[in-house]
Amino acid sequence: VQLQASGGGLVQPGGSLRLSCAASGRAYSVLAWFRQGPGKDREFVAMSSSGGNEHIADSVKDRFSISRDNAKNTVYLQMNSLKPEDTSVYYCATGNAFSTLDWLYGLWGQGTLVTVSS
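Residue numbers (this note's numbering): 159 to 276.
In short, the hints are calculated from the structure, not lab data. Hints may contain errors.
Think about it this way: if two alpha-carbon atoms lie no more than 25 Å apart in a straight line, the pair counts; the simulated DSS-like pairs of lysine-lysine are [unchecked claim]: (1) K219 with K241; (2) K198 with K241; (3) K198 with K219.
Sequences and hints are given; from them, build the entire structure.
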């Protein structure tokens, strides 16, 4: 199984982006997004289980949403009202644990860079 993240880019503050993460094979039950900003530790953003459970980090839950297409083995991260502090490399990951802990995810995509700047 491989994960391919896409959709990153340069966006102005207040703008929107939608990230996609496609699994080439059958993904584990949980697909998640993490991010790592410049000089920062990697942090949890959002996750979705194959059973329909979702969880979004408090820091972004009023602006970000996650959705999943199980038929396509793809998870999406819709990001609205983007702020400069959202600038990060966004990674998707898959695992069996519905958890915000990155070390529980065994498979990671390559990351996609989101830059929020005017």
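Subject >> List of violated hint numbers, smallest to largest >> reply: Of the numbered hints, all hold.
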